[in-house]
Amino acid sequence: MKQVMEPNQLQLNEQGQLKHFLTLDGLDKKLLTEILDTADSFIEVGARSIKKVPLLRGKTVVNLFFEASTRTRSTFELAAKRLSADVLNLNISTSATSKGESLSDTLQNLEAMASDMFVVRHSSSGAPHFIAESVTPNVSIINAGDGRHAHPTQAMLDMLTIRQHKGGFEGLSVAIVGDILHSRVARSQIRALKTLDVSEVRVIAPNTLLPVDIESLGATIFSTMKEGLDNVDVVIMLRLQRERMEGALLPSEHEFYELYGLTTEKLKYAKPDAIVMHPGPINRGVEIESAVADGPQSVILNQVTNGIAVRMAVMSMAMSGHVAGRDKLGEL
Amino acid sequence: MNIEIKSGRIIDPANGVDEVQSLYVADGKVVGLGSAPEGYKAENTIDASGCIVSPGFIDLCTYLREPGYEYKGTVASETRAAVKGGFTAVCCPPETLPVNDTEAVTNLILDLAKRAGFAKVYPIGALTKGLKGRQLSELYSLKQAGCVAAGNGDHPTASLSVMKRCFEYAKTHEVSVFVRPEEVSLAADGCVHEGAVGTRLGLNGIPALAETVAVSQLILLAEETGVHLHLSHLTTARSVQLVAEAKRSGLRVTADVAIQHLILTEEAVSGFDSRFHCRPPLRTHADRVALIKGLDDEVIDAVCSQHQPHEAAAKQAPFADSDPGISSIEVVLPLLLGLVRTSELSLATLVKALSVGAAGVLEVAGGSLAVGSVADICVFDPDKMWRVTSESMISAGKNTPWGEHEVQGLVKHTLVDGRIVYA
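Quick mapping for you: the protein sequence lines, in order, are chains A and B. 254 is the number that the working numbering gives to position 254 of the first sequence; each next residue is one higher, with no gaps. 383 is the number that the working numbering gives to position 383 of the second sequence; each next residue is one higher, with no gaps.
Watch out, some of these pointers could steer you wrong.
As the list claims (entries may be wrong) - Far from chain B, some chain A residues (derived; all Cβ distances over 10 angstroms):
hint, residue
1, T33
2, K51
3, A68
4, L103
5, H122
6, S125
7, H149
8, G171
9, R184
10, P211
11, I214
12, E289
13, T305
14, V323
Unchecked claim - Only some residues are given here: those of chain B computed to face chain A with a beta carbon under 7 angstroms:
hint, residue
15, Y40
16, T199
17, G202
Keep in mind the hints are simulated off the structure, nothing from the lab. A virtual CB, placed ideally from N, CA and C, is assigned to each residue, including glycine.
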């Protein structure tokens, strides 16, 4: 009796290529690996003196940000420009919605401007799905973070960073630490890590910051850093929003840092060659010690660099899946 | 008019009848079963062979949307949809604009219903003024005007103390109180069941606990005050246990379940499809099974539609931002017949839950085909396949997850007070 549009029906074309990039749910290992391989090829572009390829020339990419963001929007903008697209940045949180215009109305206006791709960030989980279902078939949708649901490009740039440092995923033990409850990044990371066949994904947090049934995504729960970090290869710290201290989720920054802040001492529980990651922006002294964030095991700045390459990969793949026959990667 | 309903399978759980017979109607009443009274001459004959003849269905929750929300539906459009679904009477919650907290609004709704001439309408008055949860409504006047119960719709009361006062005052005037149990601080800004699917989708959850805590508190308040408490739209297995216990201890506590919670689970929302957005949320398979069993065990008295027609725009938004509710009154019967076909529900329980069960909650006439009963009757073909489409739907709200689905079971005739209002 159910009628459910599975994510794949929405985000893949008949040949199984990406046409939208909304979530990692339902995407297989082959496709995730293709994204990573494509991103690898774009890293080289970023090292050139002329950092442009013509894959999206003549295309219009609209950065539709319903929620404030500087870094994610900037890397998407850079990625689109390096692909030679025309880029329009719209921060809608303050303009249209406050005038009572509905999301559907906003979209219709943008479609009328003949855009080819919307990069969407929205505070409501599922907003990019809704937009992908509502807009004309000519527009490709890239999820740049929706509510607590997904941040698939962030997760893929994290995967690229892990692969660069660890050579692959098999046998890896990965710990994700902090505010899992509110984190779209953690949800996408867990999905990506499971699909790429790491041996173990751990989440480390107090019960107040864990979503119900997180185990159903394939993660193992730990409540102390000593046990949770034991012998892991990768430590991913999550940003802790300061407003979480205001309710009954956590007693204080002090106690959180003492229990879950990543310090040089606690990092010793992990493998000696473990890498430390963070999606940023980091809160020094809240979830991570400066010495760790800036230390030899930190790969946080690599993540930022990889962010541009991964976004170029996803945008070019989705555009080519959308406009089959034209603007193929082969024309690079 | 004298109407003979010929050779149908009469299912009348209130009187333990399940047999192929003819039913005779005159002057708005059932006047004969099996044999016509002396001198009876049918002016109209309905051939019910192959069909089931049951008491007309009574819905404990149908949003008619009028006055105030005519862009979603009207008393005329929704009562006409109701009779197409086999319902001969519907209760409408007080969430109109203005709120149904005065005799004037109650009278308006009853006038509109009478003028439309389809299903009977039983308004539920607002328990508190403006549904604001602070000040008592004029429950006595509302009852005099025709409200069958009082409730606060989807709105919480400001405190348990207000709820207790409401129960005390309602008891004084023997007004039944309809409450959808939900502890607002635990439900917070949730929009789906707090569970695996909500976690995966990153949608804020409404825990089962938000309902069970409220059920416990309300039962204790009912015990203290002696009011007739009706719990609307139960969704959890644990709530069914709590109600069973209350009934065993002799309290006047009744309960209903909305159709979607008998059919769907949280899995339905996994594609962010806003047509499945409803409140209370769709829960787990175990809950669904327990709710069906609750009907069978008569812990849950009735199935209701919780019919909520919406204009298209209400659902055109990201899941959490869309309005909850399903336009369902036209498919309640075929959906329940689906449970009969999968052997999850008996036909007798189905008819009981839609008729005499609901009549018992409301303490109104109906739900019986015994000679002398009011002739509110539904004649349906349980096997007939049909397709749910926007065009086939009479309701102004086309917000159904069953659009373009083939369903089985079609209402052929609906009689209200012995008058054919749908054929």
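Need the list of violated hint numbers for this structure, in ascending order.
Going through the list in order, the structure violates hints 4, 5, 6, 7, 9, 10, 11 and 15 and respects the others.
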